[in-house]
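J.: Protein chains in written order, with the working numbering: chain A, 1 to 143; chain B, 1 to 143.
Note that these hints are calculated values from the structure, not bench results. Please note: incorrect hints may appear among the correct ones.
[Unchecked claim] FRET-style restraints, in silico, Cβ to Cβ: (1) B:Thr-53 with A:Arg-117: 12 to 22 Å; (2) B:Glu-99 with A:Glu-46: 50 to 60 Å; (3) B:Asp-98 with A:Gly-86: 47 to 57 Å; (4) A:Gly-86 with B:Lys-76: 44 to 54 Å.
Predicted, not measured: the structure shown is a model, and the values here were computed from it. Yeah, the Cβ is synthetic: ideal placement off N, Cα and C, and Gly gets one too.
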Amino acid sequence: MLWSEMERLGRVFDPWRQLEGLNRPVRWATLPASVDFPPTNVWVTEDNAVVTTEVPGIDPNALEITVVKNSLTLRGSRMAEELKEGEAYHRRERWKGQFTKTLELPFTVESDKVEARFAKGVLSIFLPRAEADKPRKISVKSE
Amino acid sequence: MTDTPRDMQKKAAETLETGERTRACRIYTPQVDIIERKDDIVVIADMPGVDETSTDITLEKNVLTIYGRVDTNELKDHKLSLSEYGIGDYQRVFTLSDEVDRDKIQATVKNGVLWLVMPKATAVKTRKIPIQAEGVGGVMKLS
């Protein structure tokens with residue numbers, strides 16, 4: 001893995017933890033014990049990246065997606081249901097609050113061509129790699 | 001009442017009493033809020049990736065089962081480089097008390113969130129147990 005998830009704010013930078021992360025293959029079976037909302041998967045090829053994130057119940061228009069160079073930031077909020085008098089929670093497990101999540105991508109993104117789709121509570125963001133950032137093949141001329 | 005967690009995790013469902021499913025897919029427990037209102041009980045479940053056609057709600061005797069199917073459209077050409085959530089179906093089972101009017105349960109799915117409105121049975125709504133005073137102003141005697 002060439003890059004790692006950007007350290008969350010407030011968490012102490014731990015180089016050993018980073019090293020462990022390098023060795024760990026990314027598989028479904030090795031999901032982290034807990035993550036910042038919203039949980040995100042990142043899929044990459046040489047030319048583009050697809051970021052999918054589970055944001056159920058969020059108004060897609062209230063989501064803020066920003067791309068700067070190789071970092072993607074998601075901002076939004078999900079508030080709890082307002083309770084009227086005489087109403088009470090039996091269970092309260094769903095996440096609520098405001099979130100800001102920044103992901104570092106392995107390459108610089110062509111920010112004009114980023115597309116985002118929202119369906120069934122899942123947001124998918126398509127991020128093409130910047131032309132200037134793509135690897136160039138250099139042909140060797142023999143004299 | 002418990003506070004909602006700061007972090008979140010998509011929990012895999014524990015082995016169900018009904019046994020394993022024939023289809024080999026992961027099953028997750030959707031996180032729910034349950035609110036009791038004056039006339040009904042509302043179950044709100046986070047099920048990203050699910051819509052109204054892929055959700056099954058069954059009520060057998062007093063066992064309410066919520067099941068949501070999710071298409072696992074993994075990207076074939078891409079490499080998964082960050083994985084914070086798994087994709088799979090959702091299932092959760094609740095035991096209802098008699099106070100729910102079974103015929104009037106309503107379910108809607110919007111943006112990956114299931115809303116289940118279960119009206120209370122009329123008998124329960126109006127039932128108040130009168131407490132009769134025995135000997136007004138008297139002192140309770142301990143026998």
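J.: With 12 to 22 Å as the target window, see if Thr-53 of chain B and Arg-117 of chain A comply at their CB atoms.
T.: holds (19 Å)
J.: Is the distance from the Cβ of Gly-86 of chain A to the Cβ of Lys-76 of chain B consistent with 44 to 54 Å?
T.: 52 Å Cβ-Cβ, so the 44 to 54 Å window holds.
J.: Measuring from beta carbon to beta carbon, are Asp-98 of chain B and Gly-86 of chain A in 47 to 57 Å?
T.: violated (21 Å)
J.: The hint says 50 to 60 Å between Glu-99 of chain B and Glu-46 of chain A; measuring C-beta to C-beta, is that right?
T.: holds (59 Å)
When the structure is compared with the earlier hints, a violation turns up for hint 3 alone.
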